[in-house]
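Residue numbers (my numbering), protein chains in the order written: chain A, 84 to 402; chain B, 84 to 402.
None of these hints come from the bench; they were simulated from the model.
It is possible that part of the hints are untrue.
With a Cα cut of at most 35 Å, we get these calculated DSBU-like pairs of lysine-lysine [unchecked claim]: (1) A:191 with B:97; (2) A:191 with A:253; (3) A:97 with B:253; (4) B:97 with B:230; (5) B:191 with B:253; (6) A:97 with A:230.
2 protein chains.
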Amino acid sequence: MERVCSRLSASFAKDPQILVGPGDDTAVVFIGGSQIALTTDSQIEDIHFRRRWMSLFDLGWKSVAISLSDLCAMGARPIAIVLSLALTGQEPMEEVDQLFDGAITACKRFSCYLVGGDVARSPGPVLVVSSAIGVVAITPWTRSGAKEGDCLLVTGCPGEAAAGFLLLEKGIVAPDDPMTLRFRRPEPRLNLLDPLLSAPLHAVIDVSDGLALDIFRLAQSSGLTAEIFVDQLPLSQTLRDACSQVGADPIDLALTGGEDYELLLTVPEEAAVRVRQTIEAQGVPATVIGRMTTGRAGLVVAVDEGGRRRILSGGFQHF
Amino acid sequence: MERVCSRLSASFAKDPQILVGPGDDTAVVFIGGSQIALTTDSQIEDIHFRRRWMSLFDLGWKSVAISLSDLCAMGARPIAIVLSLALTGQEPMEEVDQLFDGAITACKRFSCYLVGGDVARSPGPVLVVSSAIGVVAITPWTRSGAKEGDCLLVTGCPGEAAAGFLLLEKGIVAPDDPMTLRFRRPEPRLNLLDPLLSAPLHAVIDVSDGLALDIFRLAQSSGLTAEIFVDQLPLSQTLRDACSQVGADPIDLALTGGEDYELLLTVPEEAAVRVRQTIEAQGVPATVIGRMTTGRAGLVVAVDEGGRRRILSGGFQHF
């Protein structure tokens, strides 16, 4: 993806109409006085979910939620979304209706319009691509603005979604078990948009591919090293319970699990408590989990209570 | 798709911010004083193309072109596009680069920014979903505005793309044969946007799924019957030559071939010659191929020189 982004950036990123080019959570273009964010994301059968444990309602919800989370991470208020479906034709009509019902329910929940889409026949796998636009009323939040000394804050409890995935994949719980909700029906943190508009956020990224990987991306984009205080990671009881059932380590899942759709923010140290309280006031957990330091761009170091350091990413390639 | 559209319309279409809801070539939403068109479309291996005869460069080009053609049919000037790819991981890096090179080349040709995308691993098939936004500076063209007595005009030579597909699929010509260009590298008719801005167009639709089917959609949306003058269909020498090689009937391919990415317009009879000349002045063929009449909504009748009438669509379901 980085290779692709650099090709695209070389071709397109210099135009003043492109406020944010390829490589962030969304692109942002300037149209008629508005900053319009545009993003696309996909959910693919047997990669992201299995038909045997993911209802099409949940798939519809999640397809919407993941693109709205990208918008949220840029500071964009969602406006409209379209879905592109590839279906085998074997799905009963009622299940296809359920997919759209899930998408519609998520759209209503997050104040976005589902304005259309495209349904194509495919030999499989089932696939949904969601593409969304939103409006950014501030300077867009990007992943590249972190400063030395910034605190790293994360919302929610990363790892819970991955734990839910493992519970489903291993058949340990029923598909509708509440422990799998964060996986099946992620909630983009759009309720934080307004409260955070005036917060001194230096960098923001959507935590979608695993906390450590997204910290790496933020650190690399910002030209800094990141230290993660592993003993500070928010490990909820839900996560611990799920981990004991699936035989996973909570810290591992929190760092590498993926599909959290939480926000990772960097803020000046003196603002960290205030920003955390602002987020918590919306009913969303928030935790300072690390800090940005000078050093090799993209180096991510896990630091434990005893001061032991473990390199999670060398800063030149993914782990 | 109609079932889906009615579900979406029931949920979302009544908001004044939604200028055009589900069911047209694009949605159009009102954002900060601008009319923003949003569309998504897909190209799926073994449904729309085969790897053995479609280069990834052409796939990249076409993925961009088909979404820009949707924008064009609404009177929208393209602004930005994102691609969502599902790749197996077996594709050599250089071929993936070629896909983006094809997309970039099409974007530059049609003055649009490729601002990002998403690459996911999939067991296959290879799939590209393109999602584009554009700006509509006029009242959006829709498929529902045709009036009784309107002439039906079509650009280009429908059927050529399908003939190219058949030549490739049957292995009759090399993948880079010029006879297959309309299939591999469709050209959305964006050069007609400015010249047609002041033309009295009542209805416009993108001809992507076969001329007869798109005429049906336009007729049904407009609540009218359409008559097609089959002897007036533009059957180019390229189409005739290809048809003789693949053993197809040129009129059949023109009516049902699909993937033409031409524009179908309805205009008042007195304006038909002027609009046709306006289009031809841009180097694009244009032909009056029928007219709109009162009658059952969506009824499409082929009329030949001798006045014989053949029903192509009964107006309640697809053929």
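Here is what the structure says about each hint:
Restraint check: the Cα-Cα separation between residue 191 of chain A and residue 97 of chain B comes to about 14 Å, which is no more than 35 Å; the hinted pair holds. Between residue 191 of chain A and residue 253 of chain A, the direct Cα distance comes to roughly 32 Å. Compliance with the 35 Å bound is thereby established for this hinted pair. In summary, the hint linking residue 97 of chain A to residue 253 of chain B is not supported, as the alpha carbons are separated by about 44 Å, beyond the 35 Å threshold. At roughly 24 Å between alpha-carbon atoms, residue 97 of chain B and residue 230 of chain B fall within 35 Å of each other, so this suggested pair holds.
As the CA atoms of residue 191 of chain B and residue 253 of chain B are separated by approximately 32 Å, the hinted pair is consistent with the 35 Å bound. Annotation: proposed proximity of residue 97 of chain A to residue 230 of chain A holds, straight-line Cα distance about 24 Å (limit 35 Å).
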